[in-house]
Structures are given as structure tokens and as C-alpha cells.
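Asks: Chains as they are written, first to last, in the numbering used here: chain A, 18 to 298; chain B, 947 to 1298; chain C, 11 to 338.
Hints were generated in silico from the structure; no laboratory data involved.
Where hints are given, some of them may not hold.
[Said to hold, decoys possible] Calculated pairs, DSSO-like style, for lysine-lysine (alpha carbon to alpha carbon, straight line, at most 30 Å):
| # | chain 1 | residue 1 | chain 2 | residue 2 |
| --- | --- | --- | --- | --- |
| 1 | B | LYS948 | A | LYS100 |
| 2 | A | LYS96 | A | LYS238 |
| 3 | A | LYS97 | C | LYS82 |
| 4 | C | LYS240 | A | LYS96 |
| 5 | B | LYS1062 | A | LYS292 |
| 6 | C | LYS240 | A | LYS100 |
| 7 | A | LYS132 | A | LYS238 |
| 8 | C | LYS297 | C | LYS82 |
| 9 | A | LYS246 | A | LYS292 |
Just so you know, these numbers come straight off a predicted model, no measurement behind them.
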Amino acid sequence: MTEPARNPYLPALARIDQVFDETYDIKTFRMVFEDEALREGFTYESGQFAEVSVFGHGEATFDISSSPSQRGFIEFTIKKVGKVTTALHELGPGSQVGIRGPYGHGWPLASWEGKDLVFVGGGVGLPPLRTCFNEVLAPENRARFGAVTIIYGARSPQDLVYTREFEQYRQAERTVLHLTVDKGDESWTGREGFVPQLLDEVAPSPDNAVALTVGPPIMIKFVLQGLSKLGFADEQIFTNLENRMKCGIGKCGRCNVAGKFVCVDGPVFSLAQLKQLPTDY
Amino acid sequence: MKGTPLFLPGDRVGSWVGALAGSSTVFGPQVGSSGRPEFALVRDPSAVDLSLDARRASIRELWMPQTEILFRYRLDSQGATLEAVPRPEGSRVAFGIRPCEAAAIRRVTHVFRQGKHPDPLGLEAEGMAIVGLYCASPRRTCFCAQVGSPVDMAEEACDVLMTPISGGHVLHVMTDRGGSLAGVSGAAQATSDQVSAAGAVHAGLITAVPADGAIGALEATALEVWASEVFADQGARCIGCGVCTFLCPACHCFDILDERQGTGGARYRCWDSCQFDHFTLHASRHNPRHDQAARLRQRVLHKFLYMPQEFGVTGCTGCGRCAELCPVGISIRQVVADVRAAMAQEQGVTVA
Amino acid sequence: MSDPDPVPTLRAKARELLEQGTVRAVVGYQSHAESGLPVPAVITRPDQAEALVFNPLCAHNLSRYVQGGAEKPVAVVAKACDTRALVVMMQESHIRREDVFVIAMGCTGIVDAARIDERARAPWRRIEAIRTDGDAVAVETDAGVARLSLTEDLLPRCVACPVPQPVIDDVRLGDFPEAPPGRPDPLAAQVAEIEAMGRDERRRFFSETYNRCIRCYACRNVCPLCFCEKCFADETRPQWVPRSTLGGGNELYHMVRAMHLAGRCIGCGACERACPVGLPLMAVNTKMAQVVDGMFGHVAGVRMDDTPPFAVYRDADPDLPGHGGGKS
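All chains, full assembly: derive it from the sequences and hints.
Replies: Here it is as C-alpha cells:
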């Protein structure tokens, strides 16, 4: 007889350690596993996701937004949109949650060593990029990669996330941060305009580079066009699909895109891979 | 037909079910509380009636309960205490399900067994013994013989196959597990006349399903068939309910939800359907499958393109439930046939 | 004016409406490519009009297809009873009269397709033709002719057809009975039967009924008057109805749905026919219609100038005995 399979839906218990208010409806939650061995031993790739639950309210899928180089905690940056996220936003430090994961394939960083990295993010699309550039910018990893360009925009200055970390990116070696907002206000002295326009202006070189882009579908559409115009090949462009998921492990069926499950085969895909798939995302 | 043929007189079925129920949990065709045939847990072996046509009753419950508690929790000021819910224990026997249904159950286990995180349902469905019942005749929308062969499906999935002939059933024992099941039936060696009578039933079902409607896995990429007008044509009348998927013996999609009761609660899974509009709705309100045509396409391609690519088998065995029970008469067989015809026409090939 | 076969006229009308651009789509019936049974068809090209059919097996209430986001203006093939659903949709401002071209079809009752199985000599796979033959329908199948009686084999909701004349129409095709057939209503009899049960027996009846529900929502999705943008059953904030089928979720779903249809349900029976597990859903709907008629003198969708009782407040509105609410 085969060993009975363990229950793959049983979450590990964790506590919220810190909450960072990012915008009026986005918070970053730093979570710490209750089990000490798991707390120290939990590893993941940047770009992977997990299922976070609030008992009594349910479970939802979130990209891990902290960096694998940071140990002892993991972070999720969560917009209040539905039942579970609303329940999460009610919670503060000390509150308990459940976490299953990590799931899926992260950014293929190992294959990017020595390359320049261009991150293009919009709105709440930044968390799955932040995990990656924070890993790249970690002192122990920085030498393995070339220049880092971060292009980020949101609807308004109030919609930008991780503003508290911007200064450290500006100070980081071989790193440039470009910001834009669709529409500024009296306090905003930076650039106004859409992310794809900013990409055109910054015009990063495709030579020995890869580009990662995550954001609203309409932004992605124009960013992909922009990257192609700049000479980025489909194999040099990567994104993170936001399909609705539930189980996270290729069983429940909802993130099916042709023969792929976004939760198992993704969520990270190259544009070359996506072009082999129908647009069920 | 592989396996040693035995013969069991019709009046011995009850005692066999009784013997099986002594050591296993047995599900079989019975008349339900509503007076309709259904597959249910056997409490009274004499209630099992193989003459019932339960081919339009759901058999999903046999391997995947509509609602299944994944775990429970108690909540107090300190937090949650998780409590495992024991998986069903002991051997289980599906008695009197049809070859198409048996094959559907075995095929869907691929999904649950694959990958880094297998789901216990897969092994449990694989571990369930199946005493199949061959059909003397098809129902109107049955198309097992058009999507494969009921004989092959029986060999693929059944531990024992019962074939109704005059006076009883011929039993073909196909696996060791089937040998133990048949061992308590009291069946004797079948005569050559009985074996040929069973053979005639096997062939009779196949000829009763029109051969000209044969379909199979789609030999194409998703991109090649994606824009087919067939999906829009057929999807236009789809009402987006879950009849086809919830009655399908091989559909497996589910949702995971919490239900709180006082100071505790449970996380459970329940059937969900790719035909529901909110199934793929993103948190951002973007819905990649934004109409019923796209949802119909997913159901059809999952069974006739993605499953064959992933596992080498169609995710449809032609049981015909979806076509007969669809409130607006959408037939998956017809959709696949139309897509194949359109592809053939595009390639300049005449379809036979 | 007698039109023994209105189908050629129906096809010509549909073609004309599409050719002249009067409507963007015509919702009608066509024969299923495999079974030959009539099924809904949404056609948008004039050449598709040739596929339209109408016969006493056309059970679907096609007004469901003019809901919400459907392309408008749209023409819909409607039996007299089906027009009642259109009327309710218009009274509730869900659709506009000018957006719907009503092709009303004369009908003396729809027969229950399930009876073909009983009346055919052998298992059938395909219907070759459907002919009206006196007071019967001759269904010619590949396994011989099944004769279905236009009195004995009717759908339950047709037996005592209360509204044989369309409430609204833009064109009338075929013959319309002048008056209801005056037969006893089997649905009312079913209600009486349930009412005659003792409290415990009735409780058991409903609990066993709803226990069998698989929550496929076919009843809701096929209903012309279930047009809420977000159904309470799909709402998660708050979760009005548990999705689990272990507790009282099924019963809650059906009871709330019935309440939402009180005074609105036109009794077309589409829900019950769509149910894959055969739940007797029309019993509660029929009872609800009786209560609304008794209390408010309102029958849903039978007059265009009616005001739905739950859309207005009248000081004289009655209360259920023993449920006085805030009024004396």
C-alpha cells in the first residue's frame, strides 16, 4: 500500500508582525511563522506566491513581496478588494493567519546572472517585482547582476507603493529608479504621464538585458509594444500572470490556460512562452 | 475481453453485494428517496438493483463529495487550533457503474496525483474498486463508442466487468483486486455459450451507437482552434449553469471556502464550474473568459485537447449526461465534431 | 384568420427583420443537430432564418435571452405565456419595450418531450419530423412515430394555461385559443397536496427535496426573471448563503430565490424543467403566486399597465395574518 498523501490544503500558522500602510487601500503585511523551524527554514524564489488565509473568512492567493534574501519573515502587499483581503486589512500585529506555499515558479534569476535588469511596474503590480529587485540588490547578490533600472508608475502619488524604500534604491549602486504618476498633485514634483511613455523616454538597452513587467492589463499591452520597439526579444521579456487561483497546486482548475496551470507552470512566463498560449489570462 | 469469464445468476447479485458490504463501503444503483434512480451508499444490499437505469444520476459523489471538509479549526483568544479531518478509511467498491463512468473516474485521478503536491483524492479514487456493469443498450445521448470503445474503457478501469445476459451476468475479472471481489460472488466458470452471449452484448452496444459520429482528441494546438466560430455559435445559447460540469463524472474543478460556526469553523472544498462567470474573474474585475463561448471552449478543450496532451486520454468518455441534461441541448460531441469538421475544411480535407 | 403552418411566415419575418436591420438578433427555436428536439437559437444573419422552427415541443421560455447585456434591439419568438416574462422585465425597467420585437406564436400547449421515450417503439436517437395531427403531435423518430397527446401529454404548466393570448406582441403568427382550456391545474393540485401534509411531513418533504440539490444554478440561470447583476447566492460580502451543501445552504438558496420571485414568477416552469435532479421547484413558485394573487390581486405579467406589488407601497397593502409588522 502507498502512504496516504498528506493534506496539501493544511496551512502553517503565522502571525502578523508588522503592517505598513502603502496607500489608502493597500497594506504590506510582514508575517512570521509560529513554528520556529519553519520560520528559519522557509525558503522561496522571488516571484513565487502563497495562499494566505484568515480563519473564518477564507483563503486567497498573493505574490510574496519580500525578498528571499530576507529571512525570518515573509511579506505580502495586499489591496483590499474582496472578502479575504477585507478581513486581512482588519488585522494588526499579533493577529493570526494561515499560509500555504510557496507555490509556482519564480523569476528565473539564475539564468540572468551578468545581465542588466529592467523592471517595469504599474500600480499594485509592483510587489512581484519588488521581491526580485530586492533580491538582486541584496549585498550578497548584487555583484552577480548588471545595472538595475526600475520604472514605476501609478495613477496618483497616493497610489505609489513602497515609497519608504525609494531612497534606498536611489542610493543603490548601478541602480536607477524612474517614477511617474498619471496625474500629480500640489505636492508632486516628479514626472506625470503613463508608464509606457516613461519607458520610451528611459529607453533601456536590450543588449545583454532582460525586462520584467507587471501591472494592469492595459499597461502591460503598451509596455510589451514599447519593449519590442526598443529591441527586446520575446525571450528577454517576462511577466507574472494574475489569473484567479484557489488551490495553488494544479488541482482546482481555475487558472488553466490551455495545457498550463498558471499556479504550477507560472505565474512567471516569458513573452515567448505566452505567445505559444491563447489569451486565457 | 480480457480476464477469466465467470457466470453469476441474477438472483445471486444481492448476496454478492451483501458479501462485499461486509468488508467494504459499497456504492450501488438504488431507488432514492425521490423515487429516482441514484448511486448511493449501500445500507441494504437487497436495495441494489442492476436493472435500474441510473445513467443520468451523478456519480461524482462516489469519488469527490460535493462538499468536503478539508480541516476544522477552533478559535480562541490565542488563535486557531487546526483539527485534521480523517480521510475515509477502508476499502470502497463502486458497484454497477458503467465502463464510461469507470474510465472517467480513473482518468481524473491523473490530475490529483500529479505534481509536487498530490491530493489524497487521487489515490483514493484509484484505490476504489470498480465492479462495472456493461450497458445492454445506449441512452439517446450516449456516445462512448464514438469517443473510444466501451470494451476498452472497461478494461482500462474496471476490476470486474458484469455483462447482462439471459439469466444473470457474465463476470470478467480484470485485476487481482477484481479476483478477490469476484471470489465472494459465488460465480462459477461461465460456459462458452454464456461467454459468446456476453460478447454479443459487447458488440451490440458498439453498433447501437452510430459510427458516423466518431470523435476523439483534437489534433491541434489551442491557438489553432481558439477562434473557431463553433464555440460562439454554440455558446450563444449557453445559460452558464453547472449542469454539464456537475453531472460529468470526469469534471473535478472546485472552490475552497471557509464556513465559520461560533468559535470554530471549517475550510471546505465544493464543486465549482468553469461554466460559471465568476470562476475566472480576477480580483481586478478583469475576466479572461468573458462570455459563455469562452467558457464552453474551456470545457471542450480541457477534455479534448489539454487532457489528451497532458495525460494521453480524453477527459470525456461519452457518458452523454451533459448533452441529455443540458437545459438548452448543448452537446459536447457535436461541438467537437463541428470543430474537427471546421479544421478539416480549413486544411482542405473532406471529413468522412 | 387561420394559419395552419406559421413557420414559413416566421422565417420570412425573421429574415426581414434582420435584413432591414430592425433588430440585431432574433431569438427563436431551431432543431438540434443531433436529437432534432427544438432548442434555443440566437441568430444574427438573414440566411440563418431558414433554420427556425416552431412546434408543440418548443418548451423554452426564450425571453431569458433578451436579459441585460443581450444585443438590442432583439426579436424574440414568444408563446403567449412567455410574453408575460417580457412584460415583467419591462415593468421592472430591465428592458425597454422598443428594444424587443415580439413575434407571438399561437400555441395550444407544449407537450412533455420526456414522453417521447415512453411512446416511441424503441429507444430513439433522432427526430426526423414533428407534425401536428389533430389533437396529437406525431414525433417521427428513427425508431418510429411517437404520438403525444395535446391534452394528456402536456407540460404541467400548460394543462390549465391561464393566458392563451399574448400580453404584448408586434406580430402574431398562428392560431391563438380564445380562452383558457378550463382544465384543473396540476400545479395547484400539487400545492394542495403539500399543504395537506402535516407540519413534520412537510418539513421532511422540503428537506429531502433540497438535500438533492447540487447547486448547479440551472434553475436561476434559465429563469427569465433572475436577472440580478450579482445574485445573492454568488455574493461573498456578506456570504448570504453558504456554498457548502452540508448545512442549510441549499434550502436557503431555494427559499430566498422563491421569495425574490414572489409576484414576479410567471409560472413558465423553466426552472423545474432545467433541474438535472428533478426537484419539484414549481410547487413553491405556484404557492407564492397564489399568495400574491390573494393578498394583492396581482398576477404577474398579465397586463402591461399593472404595477408590480413589490414595486409600490400602498397604505392599504394587506399583511399576512399574524404578521402585522408596523401597521395596525
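Asks: Can you give the numbers of the hints that this structure goes against, from lowest to highest?
Replies: 1, 3, 8
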